[in-house]
Amino acid sequence: MDNDFILEFKNVTKQFPGVLALKDVSFDIRRGEIHGICGENGAGKSTLMKILSGVYPHGTYEGRVIFDGEELNLGESSIREAGEKGIAIVYQELTLVPTMSVGENVYLGREPLDGQAINWNKLYADTKKILSNYELDVPPHEIVRNLGVGKMQMVEIAKALSENAKVLILDEPTSALSEAEVEKLMDILKTLKAHGITCIYITHRLEEFFRITDRVTVMRDGKAVVTEATENLSVEKLVRHMVGREMKERFPKGNRKPAEVVFDVKDLQALDPNDSNRKVLNGVNFDVRRGEILGIAGLMGSGRTELVMTLFGEYGKVINGKIKLGDKEIKPRSAREAIDAGLSLVPEDRKGMGLVLIQSILKNISLPNLDQFAGLFRIDVDAELKASMQQAKSLTIKTPSLEALVETLSGGNQQKVVISKWLLSTPIVLIMDDPTRGVDVGAKYEIYKLMNDLAEKGVAIIMISSELEEVLGMSDRVMVMCRGHSAATLSMQEANEERIMSLATGIAS
Amino acid sequence: MESTQSEQSKLSFTAELFQIARRNAQTYTILLALVGIWLIFFFTTGGAYLGAQNVSNLFRQMSVTAFLAAGMVLVIVTGNIDLSVGKMAGFVSVVVAYLQANTWYDYLPNQPLLAAVLSVTIGLAVGALFGAIQGYIIAYLNVPSFIVTLAGLWLFNGLILLVTEGKTIPANQPWFSDIAQGYVPTHWGWVFAALAIGFLFWNMFRSRQNKQKHGFELRNIYVDLLITGFAALIILIYVYNVNNYRGVQNPVLLLAVTVAIMVYISNNTRFGRYAYAIGGNRDAARLSGINIRSMVFRIFVLMGFLSGVAGIVLASYVGYGTIAAGQGYELDAIASCILGGTSTLGGIGTVPGAMIGALIIASLSTGLQMMNVAPAWQYVVKAIVLVLAVLADVYFKKNR
Numbered sequence: 000m001d002n003d004f005i006l007e008f009k010n011v012t013k014q015f016p017g018v019l020a021l022k023d024v025s026f027d028i029r030r031g032e033i034h035g036i037c038g039e040n041g042a043g044k045s046t047l048m049k050i051l052s053g054v055y056p057h058g059t060y061e062g063r064v065i066f067d068g069e070e071l072n073l074g075e076s077s078i079r080e081a082g083e084k085g086i087a088i089v090y091q092e093l094t095l096v097p098t099m100s101v102g103e104n105v106y107l108g109r110e111p112l113d114g115q116a117i118n119w120n121k122l123y124a125d126t127k128k129i130l131s132n133y134e135l136d137v138p139p140h141e142i143v144r145n146l147g148v149g150k151m152q153m154v155e156i157a158k159a160l161s162e163n164a165k166v167l168i169l170d171e172p173t174s175a176l177s178e179a180e181v182e183k184l185m186d187i188l189k190t191l192k193a194h195g196i197t198c199i200y201i202t203h204r205l206e207e208f209f210r211i212t213d214r215v216t217v218m219r220d221g222k223a224v225v226t227e228a229t230e231n232l233s234v235e236k237l238v239r240h241m242v243g244r245e246m247k248e249r250f251p252k253g254n255r256k257p258a259e260v261v262f263d264v265k266d267l268q269a270l271d272p273n274d275s276n277r278k279v280l281n282g283v284n285f286d287v288r289r290g291e292i293l294g295i296a297g298l299m300g301s302g303r304t305e306l307v308m309t310l311f312g313e314y315g316k317v318i319n320g321k322i323k324l325g326d327k328e329i330k331p332r333s334a335r336e337a338i339d340a341g342l343s344l345v346p347e348d349r350k351g352m353g354l355v356l357i358q359s360i361l362k363n364i365s366l367p368n369l370d371q372f373a374g375l376f377r378i379d380v381d382a383e384l385k386a387s388m389q390q391a392k393s394l395t396i397k398t399p400s401l402e403a404l405v406e407t408l409s410g411g412n413q414q415k416v417v418i419s420k421w422l423l424s425t426p427i428v429l430i431m432d433d434p435t436r437g438v439d440v441g442a443k444y445e446i447y448k449l450m451n452d453l454a455e456k457g458v459a460i461i462m463i464s465s466e467l468e469e470v471l472g473m474s475d476r477v478m479v480m481c482r483g484h485s486a487a488t489l490s491m492q493e494a495n496e497e498r499i500m501s502l503a504t505g506i507a508s
Numbered sequence: 000m001e002s003t004q005s006e007q008s009k010l011s012f013t014a015e016l017f018q019i020a021r022r023n024a025q026t027y028t029i030l031l032a033l034v035g036i037w038l039i040f041f042f043t044t045g046g047a048y049l050g051a052q053n054v055s056n057l058f059r060q061m062s063v064t065a066f067l068a069a070g071m072v073l074v075i076v077t078g079n080i081d082l083s084v085g086k087m088a089g090f091v092s093v094v095v096a097y098l099q100a101n102t103w104y105d106y107l108p109n110q111p112l113l114a115a116v117l118s119v120t121i122g123l124a125v126g127a128l129f130g131a132i133q134g135y136i137i138a139y140l141n142v143p144s145f146i147v148t149l150a151g152l153w154l155f156n157g158l159i160l161l162v163t164e165g166k167t168i169p170a171n172q173p174w175f176s177d178i179a180q181g182y183v184p185t186h187w188g189w190v191f192a193a194l195a196i197g198f199l200f201w202n203m204f205r206s207r208q209n210k211q212k213h214g215f216e217l218r219n220i221y222v223d224l225l226i227t228g229f230a231a232l233i234i235l236i237y238v239y240n241v242n243n244y245r246g247v248q249n250p251v252l253l254l255a256v257t258v259a260i261m262v263y264i265s266n267n268t269r270f271g272r273y274a275y276a277i278g279g280n281r282d283a284a285r286l287s288g289i290n291i292r293s294m295v296f297r298i299f300v301l302m303g304f305l306s307g308v309a310g311i312v313l314a315s316y317v318g319y320g321t322i323a324a325g326q327g328y329e330l331d332a333i334a335s336c337i338l339g340g341t342s343t344l345g346g347i348g349t350v351p352g353a354m355i356g357a358l359i360i361a362s363l364s365t366g367l368q369m370m371n372v373a374p375a376w377q378y379v380v381k382a383i384v385l386v387l388a389v390l391a392d393v394y395f396k397k398n399r
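Quick note, the sequences are listed as chains A and B, same order.
Position 33 of the first sequence, counting from 1, maps to 32 under numbering that gives the first Met the number 0, and the rest follow consecutively.
Position 284 of the second sequence, counting from 1, maps to 283 under numbering that gives the first Met the number 0, and the rest follow consecutively.
Any given hint could be a false lead.
[Said to hold, decoys possible] Think about it this way: if two alpha-carbon atoms lie no more than 25 Å apart in a straight line, the pair counts; the simulated DSS-like pairs of lysine-lysine are:
(1) A:Lys321 - A:Lys350
(2) B:Lys212 - A:Lys397
(3) B:Lys210 - A:Lys392
(4) A:Lys385 - B:Lys381
(5) A:Lys165 - A:Lys127
(6) B:Lys212 - A:Lys385
Please keep in mind that the hints were generated in silico from the structure rather than gathered at the bench.
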């Protein structure tokens, strides 16, 4: 048995309906190393980690995963099982119970018992021992809610270690941390390494690989394209591996003719509405022209969504900056005010924020536009139907009837309903937050064509996207966001994947 | 979905009826349950249950909680709850009784009509005012409705004791009594029945016409006729029956008008659409530009107003205001909504459904009373029916 490797992936393939998420992935992770994994959104990192944690149990994927010399054989509902075997994940969204103490969280579900009662003394003593062993500076009795994000992460790590984790997976651990907290995390990882614990480190911030990892695997389109010792790599090499593919003809060529500037944002700064100490937007500058598609690129957590929600009057507390629509300065304080001014927003979370799933297509389309059809005492159903029908037809929503419930539609058709609803209000500026997320290729193409049509009719479109290909394929200009500010706005001559990636990760400016 | 729709045009009448029954199993289960309950009591009471006098009693008995249930539907649809409505109605009832027995007696002697009009106006205003206060705290100060209205329940309990000083106040003056104890003259009863039935058919044909105009699938005409005909038949049986006794009771007519208005509001106005959208997905509604605070506030004002109506009807019907007025009515109102298919998660529920729910509860109570079942067992039976109804709902949702 080759004990040099703690984890080996052998020809792992994972198929979802219509999507091949992992294609023949093979690489290995050495015992005691810190192994980085990088790739664009959708490259397959998360799917791979979900196999390790048991979200996708043994048998739902092809190929083999060898853990500590044995094939990983996790059954259904096996998340607990993975932890018992020694694989622990610290998720991006922390999974602690905020109202419980640090100790209670660490031992949640595994409380030490004294007969039938919880042995609180042992629970806190054990917690304290783990925390001090690995130099995690958190008081065991503190309520988790009172801790900062950095300390919460330490609790997560302590929780993993209390289960005797052999492999600790950190998924985007630094996206919400300050620089000082990142520094502290790096120290912790070094301590863990000294204790012989293997770490898998996933991040979008490429420079972090060079601070901490021993080797890095790059994933792209569901494949592990390269595994290499970190000392042989550079950021430029990583980026090239991440994006190294050819652009296919996936984007319809439009005939857009950007005209004058209609929407102008200057030095916008805003605070987190739930935490007024945190600045979510820190100097955003951009403008959009009539008939133009402005792409906004940036990694998750770079403030893209916070930006558009703030523009729409529904998120951050604006502390500085000017928003001009046409000649007028606007300060939307609610969605209603933004809509009335001439903005429309296709939100990122289609099901959560875009649609009322239990209602019909008709009711969804007309919801923000009822003022057009209704007085105080009556809705003109004829006019409502006619307008909605026309929208649905021009967007080719595939449905037997406008009375069908939205929850019965496919992702692509649902997105068309969201777009219909926002076109009916005839916006001057249409903001689309990741408009093709979770939409199949055919429907994507239709949405792109629609965006071209709208731009040709003079609508100014702001398109946020996680897919670099999409940004490059559809935009007239690209604004790149990095940690809450606009790093640069590039013309299409300047923009390419490497340039955007290095701006978004903050290694260039 | 697509294939079943295109096949539908080829379906025979019975097959289509069956299909509609299956799709709307939940609605029909509750109707079947109602008919079943009626049949059981019909046989156990030797037919007296569906006799003129009892049918008359049944509908009047349901009317007070039905007013509350009509408002409660929208409250629950927006994802809220109102625990105060029973005691709020009770408070309004003792306030109007106090006005009738003391204030007007002192200041407006021998003017019973004016006194009654003033009592009604003040009663409605008190309901709307307290609804507004609770709504303000819920919508604008972000206190959960469960807590605010629980506090409201205690508050009204206290206020009732303050107004009554623990005594019973008579409210049986002429005009005022007629509000809930009076009857519609029998020929007018038939006129209203004819109007209601005419409206049902007109509405059915108009909606078919509209669908046709916009190229929607039409249901088989016989299915539509059958459903509308069934509703018309119920109205005819009801009016025929009560006309054999003393006629349609005033509160039932008032309830019918209220229900018609509430149905119109929920289906045909922005107010109604927004309420359902908020319950269906709060965030989507907010991003669609709906002012959620203002909507929730207004819904509680409406609920308070309807509690006022219920309180006035209550005082007039029982003829006095007492410290126990409205006790437990909020739970009957909530149960009516749930029985009628209102989802506690919000976004789903209809006023007619809640009316059927209220009718089921009243039917159970009157039937069990007629059979001289001990109150203890009446509660047990009601408990079982409520849980069974919701179980059936869960089952049909899973197997749709």
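Under the constraints set out in the numbered hints, which ones does this structure not fulfil? Per hint list: 1 and 4 violated.
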